[in-house]
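A.B. asks: Here is what each chain is made of, one letter per residue.
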Amino acid sequence: MGATALRNGPSPVPAPIDSIVEVRGISKTYGNVEALRSIDLDFPRGKLTSLLGPSGCGKTTLLKIIAGLIRADGGTVAINGKHVTAPGAERAFVFQDFALMPWATVMRNVAFGLELRGTNKAEREEIARRYIAEVGLAGFEDKYPHQLSGGMRQRVGLARALSVDADVLLLDEPFSAVDEQNRRKFQEDLIRLRTNQNKTFIFVTHSIEEAVYISDRIVLLSPRPGRVSQIIEPEIDRSGDPERIHRDRHYLDTVEEIWQGLKQYVE
Amino acid sequence: MAVSIRTDGEAAGLASPSTRSATGASWDQPILLRLVSIALFAGIWEVAGRIPVSFAFPTFSDTIVAFFGLLADGSLATAYLSTLQPLVLGVVLSAFLGVGLGTICGLWRTGEWLVIPVFIVLQAAPVAAFIPMVTFVYGIGMTAKTLAVMILALPVIVLNTYKAVHNVNESLLVMCRSFLGTNWQTVAKIILPDASPVIFAGLRLGVAAGFVGVVLAELLITPTGIGDLITFHRSRADYAEMYATIASIIALSTLTLVFLQWVEVRVFRPESRGV
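If you're matching them up, the sequences are chains A and B in order.
So for the first sequence, full-length UniProt numbering puts the first residue at 1; every next one is plus one.
So for the second sequence, full-length UniProt numbering puts the first residue at 1; every next one is plus one.
The following block holds chain B by itself, in its conformation from the complex (with noise of 0.2 Å):
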């Protein structure tokens, strides 16, 4: 009650200064929102801690005190360096390759007959399943984990962009066509922009999908970087460190997600800006 109540206020004193400042108050609204929203989660969290649901479950509080213990001995910081290396390779390698199989299989029908059926079947498959035998194949070093990471990310990205790419706005590439644009600039300046809304769909699951591939690879083939930071910590019964981490793992996903989000709506859909 009290938070609908605020939020009324807020847009109300927000959105009458100016007419220029609409979309600075569009902005600012949904902010407030979310930090009520977080503070709203924490507060379940620490009476479910307090209660206790489970001796195995922490407070909110208990948590944030060993985030920052970890934090400062340095064990989250060296998780991550292992971690990230896979994970930010796999993603990268999946977004482009993604993005560049997708529009090529969007545009192209044979490769659509080839390719597409691959990814269809790996996207329905549990891929987790591949994961032993990545393992067997690479072994257990950064190859093994990086494959991990695409197997999961790859597929919703090339389905993504090539449904995206396939769907095109038929009366923009005539128009495209009709004011003498080559191919090329039928590709980079009209199909892309056209299909960035379903191929960032496509890449902010995708990433999703490669961090729930790293943590996996993490779990299962070498316990290194923030898997085992958390399976060290389960060991040990020290539960608020390992929900610390899987937290701070959330947290980074979710991060990047926003990010991501925030990329596509500056360089590619402007218009989409404040709406």
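In isolation and in its complexed conformation, chain A is listed as follows (with noise of 0.2 Å):
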């Protein structure tokens, strides 16, 4: 338990009371690249947890190996106390390529989870029908993806991690693909949605401004091998009007804490 929060770090924090994630030992390696050594991590429940760090330092690979999406070389994820090693109900996933059908409506797409457990078209609609309004998306029901811009694609993604009602919400950079003006609208509405929502979320990104913006605690992860260098929780107020956290003086000096802690492995 305190090996994760004792690492050293401006910030060091004590380990989590109530964690519904729990990582031990995972490992994982490609061929003869190492992405993961012995990652022990825990995510507290109902709070948004950021893996945070430079391409090649394994933050999607561990995201995908709590998923069930890939297999560890070692260790185990633990989901609620108990162990798993594939997709299970109690985790949603949105992805960076958003993962949409097609040929299917946002509606279809939105359902789809709760279509794959068989639950009744009438039922599952009127639930998706609530995420959809609920990420912003009220009247686009019948639209296809191919009609929606970058930023409504991602908000039908995390409608459909939404509406199948996972305690835990992965997700693997769901604004990289994303413009930028949207990608701020969206944060702010992530936010929100947070405060709404009594779920825990697991983020993952490469940038720092965002993991700060939205994150109750960031892991920072160091490349080659992935380990995890430092745990960081930003005590910024959230509570108010979003546009402002930009300007607090707390989240600036993490952003820039973040980045001289991070340039040693930028070349």
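Simulated from the structure, these hints should not be mistaken for lab results.
From a predicted model like this one, the values you see are computed outputs, not experimental measurements.
Beta carbons: idealized from backbone N, C-alpha and C, even for Gly.
Keep in mind that the hints are not guaranteed to be accurate.
Computed spacing ranges between beta-carbons, pair by pair [claimed, not checked]:
no.	chain 1	residue 1	chain 2	residue 2	range
1	B	110	A	82	29 to 39 Å
2	A	176	B	110	33 to 43 Å
3	B	169	A	176	28 to 38 Å
4	B	113	A	263	45 to 55 Å
5	B	252	A	181	47 to 57 Å
6	A	177	B	31	33 to 43 Å
In silico negatives: residues of chain B with every beta carbon more than 10 Å from chain A [what the hints assert, rightly or not]:
no.	residue
7	97
8	125
9	181
10	196
11	255
Take the two lone chains, each set in its own frame, and fit them into one complex as the hints suggest.
C.D. replies: Written out as structure tokens, the structure reads:
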């Protein structure tokens, strides 16, 4: 437990009391590239934790191992105390490339997770309609993905993940294929959504600003091999206007601090 | 010249009333263009027939008259009754067998190694050369003709399906798995819809090849149906009737392909409607 939290860093934090996801000794090697070396991590329930690091640090690999989409070479992942090695109903994934079915409407895409589970049509469409509205796409139910902008497509991906009512949402660089304006808007919406939805978010990003802006907790990974180098809990008040955060002193300091820490890995 | 000006006017007139009719406009306009294209073709045919290009080349109008003559005396209906049996049977069998086999090969490595090379060779081979062999083995009945259709139609359907299934969008597969899709659900809800444009391209080519197969069989194996009608009118130098028969089978083949496209857009890829 203590191992993760006691790594030296500017703001070390005590181990969380209630962790929903527990990662123990996870390692993964691709050929002769060591992507992850014995990762121990706890993800607190109801919080948004970011996995942040330069490319090659294995953050997406770690997320996909938690999702059960990639098998680890060693170590375990436990969700609510139960070991998992495959995808499960308590986790839902938001994909970097959206992974929407181009032949299906927004409605069918959002309801797809429920469709696979055999929920009847009326019920799943009612649920989907609610989450489509939740992510701000009301009125677009009958549109096809190619009729939407990148930002709107990722909202569909998010609504699909929300509608299966998983405890843990896994987001793999969800905004990297979305343009800057839409990304800002989406990040603000995500902060609002987090307060409404009582869910745990695990968020992979390579953007320091993004991580600090939205996260309760930031796990910094260092590359080659991927290891946890630091855990930071930015103490930013997100209750007010989300616009204000960008000018918050603490926000700016944390971004700078992380950048100083990551600089050594960038050449 | 006149054609392009008229269609521009049509497009402007149709697009303006409301945005909702935009999809309707994009449908109407190609239909108009197609009609113009058919009219042009008929006109050139008529002129060429009147020159005449060859004594064995009837005019368009003579061919149309002959067509209605064949319709009236029932010979066309009789011919199609016998041609359509092996054709429909062969095409339907090829479609299901081909899509099934192609899907299995796309999903299953061993199947791929066993089956695909055979079809690659079949597709490359001048398959019409097999028809005498088919006759030798299966005689001159329905089986031989159905086989002739399938030999021509099957390879392209199998290979297209295989390629489409093999190259299915990887990220959609991962998505389906992450949302707990079973293997069957993955095939039915992700792989087949994702592959359907390429599968349907293969089906269209396969169906067209099936028409070739049935006509070849009727010209080479048993003088029955459409093949017989063509041979018969040629031997009597009724060129207008012969052309009418040929044109009718071309028209039928085209209509079948249009119908297939309609099914594809309706059932499998609704998002491409009006695009």
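A.B. asks: So, for every hint listed, does it hold in this structure?
C.D. replies: Going through the hints against the structure:
no. : hint                      : result
1   : 110/B - 82/A: 29 to 39 Å  : holds, 36 Å
2   : 176/A - 110/B: 33 to 43 Å : holds, 38 Å
3   : 169/B - 176/A: 28 to 38 Å : violated, 19 Å
4   : 113/B - 263/A: 45 to 55 Å : holds, 51 Å
5   : 252/B - 181/A: 47 to 57 Å : holds, 54 Å
6   : 177/A - 31/B: 33 to 43 Å  : holds, 38 Å
7   : 97                        : holds, 25 Å
8   : 125                       : holds, 35 Å
9   : 181                       : violated, 5 Å
10  : 196                       : violated, 8 Å
11  : 255                       : holds, 25 Å
The structure is inconsistent with the numbered hints 3, 9 and 10, although it conforms to all the rest.
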